[in-house]
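Given two chains presented individually in distinct reference frames, assemble the corresponding complex, making use of the accompanying hints.
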Amino acid sequence: MKSTLFAGILILVSGIALIQIAGGRPGLAAANAQENVAPASVAIDNFTFAPATLTVRAGTTVTWMNRDDIPHTVVSTSEPRALKSKALDTDDKFSFTFTKPGTYPYFCSIHPKMTGKIIVQ
Amino acid sequence: MATEATEKNNEIVYDHNGDGIDRRGFLKCMAWAGTGTLCVIQGGILKSYSLSRLPEIIKKPAGELSFVQISDSHMGFNKPANPDVAATLRVAVDKINALAVEPEFILHTGDVSHLSRPEEFDTVDQILKAATPKNVFYVPGEHDVLDDDGQQFRERYGKGSLGAGWYSFDKKGVHFIGLVNVINLKAGGLGTLGPDQLKWLRDDVKHLKSSTPIVVFAHIPLWSIYPEWGWGTDDSTQALELLKRFGSVSVLNGHIHQTMQKTEGHVTFHTAASTAFPQPAPGKAASPGPMKVPADHLKSVLGISDVNFVRGHHALAVTDSTLE
Chain L
0 MKSTLFAGIL ILVSGIALIQ IAGGRPGLAA ANAQENVAPA SVAIDNFTFA PATLTVRAGT
60 TVTWMNRDDI PHTVVSTSEP RALKSKALDT DDKFSFTFTK PGTYPYFCSI HPKMTGKIIV
120 Q
Chain G
0 MATEATEKNN EIVYDHNGDG IDRRGFLKCM AWAGTGTLCV IQGGILKSYS LSRLPEIIKK
60 PAGELSFVQI SDSHMGFNKP ANPDVAATLR VAVDKINALA VEPEFILHTG DVSHLSRPEE
120 FDTVDQILKA ATPKNVFYVP GEHDVLDDDG QQFRERYGKG SLGAGWYSFD KKGVHFIGLV
180 NVINLKAGGL GTLGPDQLKW LRDDVKHLKS STPIVVFAHI PLWSIYPEWG WGTDDSTQAL
240 ELLKRFGSVS VLNGHIHQTM QKTEGHVTFH TAASTAFPQP APGKAASPGP MKVPADHLKS
300 VLGISDVNFV RGHHALAVTD STLE
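Line by line, the protein sequences give chains L and G.
Using numbering that gives the first Met the number 0, the first residue of the first sequence is number 0, and each one after it goes up by one.
Using numbering that gives the first Met the number 0, the first residue of the second sequence is number 0, and each one after it goes up by one.
Bound-form chain G, shown alone (with noise of 0.2 Å):
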């Protein structure tokens, strides 16, 4: 299972990395930092568009409902990858605000923060201020839930939300559910959604139409990405079960700094890129720490998890297809 999973992770890596890539294609994409996701809901249908392609996204016409979603905006990180992540999501901002159609509201993936500093969050929190969508809605990633188990992050952004910080809400039509599975984590293992959160989502989910397009959001990936780091969730097939009946589903996840996408059957997985520093492909570095890449270079190697995302060489791959 592991295995097969494994492979097919592969396959979409040598997708992106074997096929002559057109380098002055994404080279266009000046501004790698600051990289959100504008999703727009059109006949159900979730469809997600790189913020770094901003005038192309521009001419397309809005669906029912238009939200941005941005991850890893690691406040407080100030390394050489990118030593002034403040900076990088001002820039996200300045994005979001530059679109066409007001999006509805702000989704946060997670690691809003490094270190769970208090000033982290505060910072992020005067930054996104100046976003034209108020309502932001938040999951934690691990960052954001160290030495105490999330109970900061709860205060700040869980008002309301049950057990470990999951919650769901309803938007013109559309299901979106909040999911934790960065706490609670066992060694050797890779991300948990629990037993309780579970139960509560098989209970959530249990009154609704079949026809009512679900989101879900949650830090790590649902779907396994690279589990040799960690890129998956032990329990989110048990999920993902539960969400089987639906027409439409679509699940958004940050933690691995790039944009991948794939759909099975009627589930379409998305992760977004951070705000903050690229992470390597998977398994393509020692390990899965920041990229740290001379300057000139950077656009290039950001550039590769954007034509991952635009070339759509994976059967199952969608979205930023369009926008070529």
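Next up, chain L with everything else stripped away, as it sits in the complex (with noise of 0.2 Å):
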């Protein structure tokens, strides 16, 4: 009895977590009602971004791992900066949702010669 109340509430407060995870980010909305859009991903490997440039269909989730040793971010090319990556350690990884169609240039703030690009359409 006294579990099957406690996983009452534990379904409340993961239906209310999950409300406010889509609320506070709307581009993870818009991903789960557009379906089926496949993530796609870009490795960060000796100080290069691959592949450079990625065109996805709008409600990709794109996510970054960087496989150096070396930190590296993912932030846009110029303001306002749709993408800001914290500094990614080894095998640490960032996911960015794009919903809406455009080019979104963007770079290693800590390595600036590493640059790539996502094509939503």
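Hints in this document: simulated from the structure, not taken from any laboratory.
Each statement offered as a hint is correct.
Once the Cα atoms are required to be at most 25 Å apart in a straight line, the calculated BS3-like pairs of lysine-lysine come out as:
id, chain 1, residue 1, chain 2, residue 2
1, G, Lys198, G, Lys208
2, G, Lys291, L, Lys92
3, L, Lys112, G, Lys185
4, G, Lys78, L, Lys85
5, G, Lys185, L, Lys85
6, L, Lys116, G, Lys185
7, G, Lys170, G, Lys133
8, G, Lys78, G, Lys283
9, G, Lys78, L, Lys92
10, L, Lys99, L, Lys116
Covered, in the sense of this in silico footprint (three residues per stretch, anywhere, with C-beta under 8 Å from a C-beta of chain L), are these stretches of chain G:
id, stretch
11, 111-120
12, 133-146
13, 177-188
14, 285-291
All residues carry an ideal CB built from backbone N, CA and C; glycine is no exception.
If you want it as structure tokens, here you go:
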């Protein structure tokens, strides 16, 4: 009895949490709404974003993963910065869901020679 | 312009790679790690000596002023290239403490930490407490200003500094200038000083006599070593222009984890080795990431940057050649 009640509360709480996440991050909400958009990824290896240019459908979540021994960031080239990750240490990931079509140039703000772009169609 | 700089740079690289290096000479440098640089100002001219050649340095007479440059301690780094960067920094401190003449102070040219974490800075502070020179002057590297544009760094090390953390001070008639070129970097670009800092620099040196020896220190090299890897500073020529009238200008940098030197007119450029891990010679690897080499090869690989220093084939190379 107790455990059922507990489970009920848990479901309720997680339901609220989900609503909050979706509400706070419009990108994620849109991604959920748009079904079957496969996620995409960009590898950070040898001070390079690969692929340097990635074309995706609107609603795609792109994940960057740092495979270098040195930290990197993923930051939009110009203001306002659509993308702005924290410093990613080795094997750290950063994800962003692109809801609006357009071209999103970005760079590593620590090693500015590293540049890439996401084209959202 | 950029091409010319690259060519110049390649010249240096070829010098130390294709000259039938005397390997016995540099294999004597047992401790590659913990390398720092002893700087001696004599007759207004700065000379630098790698601390990996300590027995030879001890025999050298002191000048008017000597200090030590250490760089790129990368506290917090724990990958195979060097899983114990605290231990190698302690080696550097031991070498500093073993100098016959106590240096006036220590300059740390940045990348004190690997990930800007408070505990990383704490560890470095703790280790450097054991050094006989009690004064340590810092400029930040890009690893020290992650996620906060250097606010924490300035709170710790930048008391009395201006803007992004630049400052100057005088010791025994030498004017020292600490510059910051790791903040607000632009996509596709190199290190940046920025107009505010350049304006401050102009005012800072305005009232100095041209005979005043100048020492400039900053993390990213203020000369174009290898722009393809970001080893240079976009507006460094503007800074150097402001220092043109001075008879002796020494520029000390870190960032590239290997020693390199050149002289242009009255300006001598030096980069220091890292106390943590080596990086490849310009263009000699897929990226400038940490060099991972088998332990028994480590000394020879690291020795190359030392030879680069010692051999002095480059017409303009100076300093450690006198130690041979």
